[in-house]
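Novice: Using the hints, position chains H, F, L, A and S against chain B.
Number of protein chains: 6
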Amino acid sequence: MPAPVNLPSLAVGDRVQDPLLVLDVEQHAQDNGSPYTVLVLGNRTGRISSAPFWLDQQHVVAGIARNHVVQIIGEVKTYRERKQLDVSSLRVLPRDSVDLAQLLPSVGGGDVARYWETLDGWRRELTKPRLKRVLDLFYEDDDFRRQYGECPASVSGHHAALGGLLKHTVEVGAIARTITRAAGADGELVLAGVLLHDIGKLEAYRWDGAFDYTDRHHLLGHVVLSSLMLDRRMEQEREPPCTEQERAILHHLILSHHGRLEYGSPVRPVMLEAEVLHWADNASARTASMADALRDSDAFGEGGLVSQRRFWELDHRRVYRGTSDWGKAGGA
Amino acid sequence: MPAPVNLPSLAVGDRVQDPLLVLDVEQHAQDNGSPYTVLVLGNRTGRISSAPFWLDQQHVVAGIARNHVVQIIGEVKTYRERKQLDVSSLRVLPRDSVDLAQLLPSVGGGDVARYWETLDGWRRELTKPRLKRVLDLFYEDDDFRRQYGECPASVSGHHAALGGLLKHTVEVGAIARTITRAAGADGELVLAGVLLHDIGKLEAYRWDGAFDYTDRHHLLGHVVLSSLMLDRRMEQEREPPCTEQERAILHHLILSHHGRLEYGSPVRPVMLEAEVLHWADNASARTASMADALRDSDAFGEGGLVSQRRFWELDHRRVYRGTSDWGKAGGA
Amino acid sequence: MPAPVNLPSLAVGDRVQDPLLVLDVEQHAQDNGSPYTVLVLGNRTGRISSAPFWLDQQHVVAGIARNHVVQIIGEVKTYRERKQLDVSSLRVLPRDSVDLAQLLPSVGGGDVARYWETLDGWRRELTKPRLKRVLDLFYEDDDFRRQYGECPASVSGHHAALGGLLKHTVEVGAIARTITRAAGADGELVLAGVLLHDIGKLEAYRWDGAFDYTDRHHLLGHVVLSSLMLDRRMEQEREPPCTEQERAILHHLILSHHGRLEYGSPVRPVMLEAEVLHWADNASARTASMADALRDSDAFGEGGLVSQRRFWELDHRRVYRGTSDWGKAGGA
Amino acid sequence: MPAPVNLPSLAVGDRVQDPLLVLDVEQHAQDNGSPYTVLVLGNRTGRISSAPFWLDQQHVVAGIARNHVVQIIGEVKTYRERKQLDVSSLRVLPRDSVDLAQLLPSVGGGDVARYWETLDGWRRELTKPRLKRVLDLFYEDDDFRRQYGECPASVSGHHAALGGLLKHTVEVGAIARTITRAAGADGELVLAGVLLHDIGKLEAYRWDGAFDYTDRHHLLGHVVLSSLMLDRRMEQEREPPCTEQERAILHHLILSHHGRLEYGSPVRPVMLEAEVLHWADNASARTASMADALRDSDAFGEGGLVSQRRFWELDHRRVYRGTSDWGKAGGA
Amino acid sequence: MPAPVNLPSLAVGDRVQDPLLVLDVEQHAQDNGSPYTVLVLGNRTGRISSAPFWLDQQHVVAGIARNHVVQIIGEVKTYRERKQLDVSSLRVLPRDSVDLAQLLPSVGGGDVARYWETLDGWRRELTKPRLKRVLDLFYEDDDFRRQYGECPASVSGHHAALGGLLKHTVEVGAIARTITRAAGADGELVLAGVLLHDIGKLEAYRWDGAFDYTDRHHLLGHVVLSSLMLDRRMEQEREPPCTEQERAILHHLILSHHGRLEYGSPVRPVMLEAEVLHWADNASARTASMADALRDSDAFGEGGLVSQRRFWELDHRRVYRGTSDWGKAGGA
Amino acid sequence: MPAPVNLPSLAVGDRVQDPLLVLDVEQHAQDNGSPYTVLVLGNRTGRISSAPFWLDQQHVVAGIARNHVVQIIGEVKTYRERKQLDVSSLRVLPRDSVDLAQLLPSVGGGDVARYWETLDGWRRELTKPRLKRVLDLFYEDDDFRRQYGECPASVSGHHAALGGLLKHTVEVGAIARTITRAAGADGELVLAGVLLHDIGKLEAYRWDGAFDYTDRHHLLGHVVLSSLMLDRRMEQEREPPCTEQERAILHHLILSHHGRLEYGSPVRPVMLEAEVLHWADNASARTASMADALRDSDAFGEGGLVSQRRFWELDHRRVYRGTSDWGKAGGA
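Protein chains in written order, with my numbering: chain B, 1 to 332; chain H, 333 to 664; chain F, 665 to 996; chain L, 997 to 1328; chain A, 1329 to 1660; chain S, 1661 to 1992.
Hints are computed from structural coordinates only; laboratory data are not their basis. Where is the CB? At the ideal position from N, CA and C, for every residue including glycine. A portion of the hints provided could be inaccurate.
Unchecked claim - Capping the alpha-carbon separation at 25 Å, the derived lysine to aspartate or glutamate pairs in DMTMM-like fashion look like this:
1) S:Lys1988 <-> B:Glu140
2) A:Lys1656 <-> L:Glu1233
3) H:Lys660 <-> F:Glu690
4) A:Lys1656 <-> L:Glu1235
5) S:Lys1988 <-> B:Asp136
6) A:Lys1656 <-> L:Asp1137
7) S:Lys1988 <-> H:Asp547
8) F:Lys747 <-> B:Asp56
9) S:Lys1988 <-> B:Asp141
10) L:Lys1324 <-> A:Asp1620
11) B:Lys328 <-> S:Asp1985
12) A:Lys1405 <-> F:Glu690
13) A:Lys1411 <-> F:Asp688
14) A:Lys1411 <-> A:Asp1342
15) H:Lys409 <-> L:Glu1022
16) S:Lys1988 <-> B:Glu239
17) H:Lys415 <-> L:Glu1022
18) H:Lys660 <-> F:Glu804
19) F:Lys992 <-> H:Asp452
20) S:Lys1743 <-> H:Asp356
21) F:Lys992 <-> H:Asp518
22) L:Lys1079 <-> L:Asp1010
23) A:Lys1656 <-> L:Asp1182
24) H:Lys660 <-> F:Asp688
25) B:Lys328 <-> S:Asp1796
What the hints assert, rightly or not - To give a feel for the contact side, a few chain F residues facing chain H, derived at Cβ under 10 Å:
26) Lys796
27) Arg797
28) Val834
29) Glu835
30) Arg845
31) Glu910
32) Ala912
33) His916
34) Pro933
One chain only, chain B, in its complex shape (with noise of 0.2 Å):
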């Protein structure tokens, strides 16, 4: 299969023939009433508007809904300073015949395996039974890996693309293990807490369309749905892998990752370990928002060096973008 057309980089006057995902369907309207539609439209490389169909296109799009995938032929056109997407053929295909992962952002199948071998290489360097035990129980099964391997880390936020989770979670595995030898931690305590500490978010998350939550995400949370999944894991084993004290520190771990009561923490980290990954996992979640909030050109003027048009959704922050080459020749 051919790689999918970049749509961030198209210019105007290219052409797009391309199997896309349908985000949105937008309903608008002209001032006199007459009604138009337009379609969000993505692919694993990003994202782009459909110009408008008009009143006598409308037939065109009737019954296109979100999550559809559709073969288009078009134009890239500009509007507003906006480019878009002037389409002049449009085909639903069914779902199967395009790979989602063709249709998603993606940190790209090459990178997952990459991070699978990081990953099971620290868990090679497990010593203590009962804790590999437990890890195995998800680390071990081959669903479990799959799914893994594909959830984002978030809907819209960091990492959000297909297996962002496992990307985000050895930048989380890296930076704890560094920080563990500066604290004098014990290292395999908080690989756990790295490897279960976001599990549930496969539950909280839908990625087999554009991404959402799942209703279970708005009533539990994905903080206490992985406690709840390593616990009922723990339950399906004949024997208990583990001890009850040592089931209440992995709790702990997980539930205390987000590091206080108003980020949605129940408690707050009262072990080191738990320290370690809550400030771990921290720094990979907000460096990589950062980073994606600098790459986010629209929110700079032409030319600007301070993001005037759009906030950085962390705390509302203006972000800034100028770099030097500090005398080095051949540049920054």
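Specialist: Frame of chain B, contents of chains H, F, L, A and S only:
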């Protein structure tokens, strides 16, 4: 067995000859370095401190530890305006020789029976089969009932007494029923929330001596402990007693009952029944706590109407105990 | 008089021939600068927007202003997925020609009578002469009763309907009575707080047309307005109806009923009865508000259980309207 | 009458033969249980503790209570680096035998006269008849003036001295006049706010002995007490001295002067004059409080420039008392 | 040069023939996709939007950018109840052909001179040699004076006008002098704080066109920029103009003047003079901002006394513009 | 020189014959007024209190002050369950006769060398000339290196030891490098932030005796002190070592490293490198602090796993020291 001596109402000169629980063993010393010991002794009516055991009496208290039951003979004296018990004889009793209910603050056995009657009456009104089935897993289990009828609702705050959790549950239930009618909520679901929201306190608190937190409390908190207790119990059933969505709803009622993230709920109420439960729980806990503060006569100066000497623990507030008969013959 | 047309349940094609209240006159313009006008029209069942009055119809709406009563003839159409009323004829009616109760959201006259019955029943239980005397200053005053039976409990939040304040008062009273029993508070004093805490809303709100705030509300707030109304009324009596301390206690019940300084109470509750009142007031207001949010079907996507399109105004929360019959034959 | 002895400047060995006010009677005990008593004694210059009255001197202090006036003969000694007054003779005086102004901290009678002069000068500038009429209800009332000239501005914070409220009022007035000019506010209305905003302190504080809060303060707070005092006084007039809107504006100035809900104002300032009053009030209170903190030499270590031993009560801040002469001959 | 046309007071039908500054170039589009452009034009009296330049007029505005100076001929019309300028002719002028003071909001040249007179008068009262020496580094420097006399005190908040910083400085100085007298602070040190606290705004803001932030503002903030500007200037002197402790004190006055960490001060005031400065700065900035909000007639409904349509930016507050003449002949 | 005696591991009956630093001189008194003195003595291994010096031994401690070095002969006893040193002989030593590194907590000289090696290794990787030039101003300056290698990272919090700042810097550097890789930040700029962010602590802390704050710390804070130190050093260069924009970026890294205004940063991070630095700094400081809390055995009851007696200073949290071997032969 005779009623235990009423400690708060003892007068100077009264003699005590009773079994008491050792709530604390305080080590002090005179300024010349000479050590002395004070015992904090209690029974279900309250607590009193012993007079100091000076250096030459240290053998009397040697080996005495927190949670010992001791047979005391002594006389009430005063010291720095507070009553103390001058102990002339002290003998450790076997732990089982005295009913714990005589030694710890308690709502009273008769009350417990009455509270059960109320709760069970409400349960009999249930018409939804799967909801009843889930509640019966706990409320038809004799062991659960025995524990639930003993457990305090807090260690040192509201309803900190044997049977206090049950009493609190009945209060929450009664208040929730009234709110339910006003708000048009689903009364059976609210009742389920009332009956399940605090079950984790059975694992969060100890009452086999002076009330205390378990390590599980520090690691998981009673909110999540309630959810895990519900979940595990349902896992043990061959047939799931309700659907997954229903289970999620029950978890939501438990998890959101503190109302806000900063009060320890990992999710805020998103259902009307959860909102009703939250306010009923708050109303019972806060007003019980204030009633305690108003009864704490030590906090008021002699004849004073405003608590000058001690703040109400809830947001550091003074309380006012002024009353009036509003002209009613026979008084307030 | 016939029942007013039920605006929320109108279907496309339905004809309307009814007096309606003008809640707002919105001025818009097409992008070519051509102006058009939309009327927001309502009666006691709800509200609906008119179809645009284009440039050539401006004479039809000339002179129409907020709070006019108009006789409308029109037909329901849809536009951008929302219903609108295409008005073919519009005529201003004399304000007094239609009962305001037909034009504004209302709890219903029958309900009002029932609420009074409940309140007056509670008042008859009072045994404290001076307390009764103070309450009678208001609750035996026909003019006060007439206004109190009409006033909404808020402009656009909980119980925003004619008679809403009375309904809210009865709810607070019922809840407070239950809490009073649990907490051992003085029920007569609590009832006084229930009956007096919101009387200032008579001066803080207007309901002689679309609900609105008075300037007095912006300058003093309804909490202090209640206190001033109580105080002035008592000043008018030749003999003070109660003692100064009793008067201070009544003021305290009013002033502290929001519970916290940041919620607009200049003092926090320091009496048990004030604490009871605060929680009862909160429970009624918050759950009524959430019930409204759950009824707002526009906030939910079609078939969606979680309110995606609009947050519940109280701390920006989504709500969940999933239900289950829990296996009960005949449903939820 | 001779000036009272200057307590803060007493040196070891100095003899005292003076009437003093008993501010507190502290009961202590030696570690052997032997009780002793310490009197905290004060006059308008400050306070000093007595040396302990041991067991064999208990008869000397028997019957001595807070707010007694006592004739003391004694000598200054030191104990634990603090001065104490070793009392050789002590006799209770009739309360009226000594002017309270000699016994309590005071801004000084001469200052009071000067403050009145300033205030009355400002009042004479008033040109708006109804505004003047309202202010005269208080400021032409001898009884009000007598009380207002005595009342402290706080019990233990800023301007906690007889005449302190008057002094604070003059400070607020002077600052408010400067802000008024900068902001273009209505100076007469601002002056009304200055003169009325704290009148409720006459009912909130007691200064007929050691400064203290009244029960009314705990139940209503001084902000609303000011509003009620204004309202009742106006009710007593046969003719209303101003319009209802004007009355509401005066209430607004009083009620909003703390600036924020969380500081005890039930409404925030919505008028320019209220905003001016708020900042002037804050500026006077906060800087007076910090000046006190800088004068509290006990808070600083010997020779230290930073207050290490005691924080400034306002947000737990240290203060710095370093100075420099900046090269000026003759010093700072 | 003739006075610039007064933009806020233009009436429909008025003709404009004036140089104006382009504050913004807004790109819009009709719903049919046809683009149009609106210019936001301003001079020192205020701002006005142009009527749309439709597709066939795009050549007129081609090349027009923010901060261009344009000679405009046009006529005032209305659209959606707002005035707009229908431009018939537009010509770009050389930037230097018009005095910036005519094009940007300004406190007025005459006022600037008067403000300098006041400030310099205060400076002449200084008696402390080293303090004077430090202030002279800036206030005897013609280049600094020129810039300081132009710089606005904020980009869009209080005193956002040419000369606004100077005006604010004089206001802070006047208020601070009054507080200084009340609090017994060191007036010379306070004056130093007044003169230095905002000097960094010269580097934080741009006023060579529409007011804007510099990148340095985003990276360092004006508080620290003030400190760095002071420090560097002193480093350039061969002889240090004051001692290190004195320098630290000046830095403290600058750094703490926002009063709280959360308002951008890295340290809280620990000196009385810093506290005085903080409250004077606040009083000037907040009341100036509220006065602006009260003058913003668009925020009020026609005839309305409460700002319904726009909140005062400071904590989202409404403002009230009701006045009364209090019975004074000749009005308010 | 022999290793100093290990104070925390002393047992009752051990004899001490060592030079120790006087950390504090506490004046107490018996209840009979008889004064006594306790010395708090320390060396690099920890601290211990002396037994009381009673009245008849006051001559022994006369003239002894904080920061004196004394030669002690004594024996370890216990009192109130805490060890104390019964001093039989005490002699003041010349300050220079003992290496400060023996008297204050220290990370150890060998560690310091190792930390420098790591830091210098990172510096050698720098490729950007002007960045390197700026860092060399400090890190090639022997005097700076000597001080930086001694300075503690805090007075009583994390890394409060000689060499602690260097240790903290290395930890922050290691963690920041890992985050840098994950986030795709500019590693050289991050390193610059790591090396410069805390340099102001050299001026904020004193370690020429018991650790303490300087007055400069109270007036400016260590964050701004770092910025000023950087700025002044660059001013001293004849040629500016980097551009003004680059200088602003370095200031930004320093100023924003606390991450939030309320934590003392006058600006929040707006660059990715600043965000990385912030989280790395937090991770090092917080986990080191929690590790200290877990080592504080006094905070735990005997055998207790939860710190009951003392909270972790960071947000008043308890910590849990339970461990498990998870079935690993040979233990945890």
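Novice: Hint by hint, say whether it matches the structure.
Specialist: Against the structure, the hints:
1. S:Lys1988 <-> B:Glu140: This hinted pair holds, its Cα atoms lying about 20 Å apart.
2. A:Lys1656 <-> L:Glu1233: 20 Å, holds
3. H:Lys660 <-> F:Glu690: 59 Å, violated
4. A:Lys1656 <-> L:Glu1235: 18 Å, holds
5. S:Lys1988 <-> B:Asp136: 16 Å, holds
6. A:Lys1656 <-> L:Asp1137: 23 Å, holds
7. S:Lys1988 <-> H:Asp547: 23 Å, holds
8. F:Lys747 <-> B:Asp56: It holds: about 22 Å lies between the C-alpha atoms, which stays within 25 Å.
9. S:Lys1988 <-> B:Asp141: 23 Å, holds
10. L:Lys1324 <-> A:Asp1620: 43 Å, violated
11. B:Lys328 <-> S:Asp1985: With Cα atoms ~52 Å apart, Lys328 of chain B and Asp1985 of chain S exceed 25 Å; violated.
12. A:Lys1405 <-> F:Glu690: Given that 25 Å is the threshold and the Cα spacing comes to 20 Å, the pair holds.
13. A:Lys1411 <-> F:Asp688: 22 Å, holds
14. A:Lys1411 <-> A:Asp1342: 11 Å, holds
15. H:Lys409 <-> L:Glu1022: 20 Å, holds
16. S:Lys1988 <-> B:Glu239: 18 Å, holds
17. H:Lys415 <-> L:Glu1022: Roughly 18 Å separates the two Cα atoms, so the pair holds.
18. H:Lys660 <-> F:Glu804: Given that 25 Å is the threshold and the Cα spacing comes to 20 Å, the pair holds.
19. F:Lys992 <-> H:Asp452: 20 Å, holds
20. S:Lys1743 <-> H:Asp356: Measuring from Cα to Cα gives roughly 22 Å; hence the hint holds.
21. F:Lys992 <-> H:Asp518: 14 Å, holds
22. L:Lys1079 <-> L:Asp1010: Given that 25 Å is the threshold and the Cα spacing comes to 11 Å, the pair holds.
23. A:Lys1656 <-> L:Asp1182: The given pair, whose Cα atoms are some 14 Å apart, holds under the 25 Å limit.
24. H:Lys660 <-> F:Asp688: This hinted pair is violated, its Cα atoms lying about 53 Å apart.
25. B:Lys328 <-> S:Asp1796: Distance of about 16 Å is within 25 Å: holds.
26. Lys796: 8 Å, holds
27. Arg797: Result: holds, 8 Å to nearest chain H Cβ.
28. Val834: At 8 Å from the nearest chain H Cβ, Val834 of chain F passes the 10 Å test, so the hint holds.
29. Glu835: 4 Å, holds
30. Arg845: Holds: closest Cβ of chain H sits about 7 Å from Arg845 of chain F, inside 10 Å.
31. Glu910: Holds, about 5 Å.
32. Ala912: Holds: closest Cβ of chain H sits about 9 Å from Ala912 of chain F, inside 10 Å.
33. His916: Since the shortest Cβ distance to chain H is 8 Å, the answer is holds.
34. Pro933: 8 Å, holds
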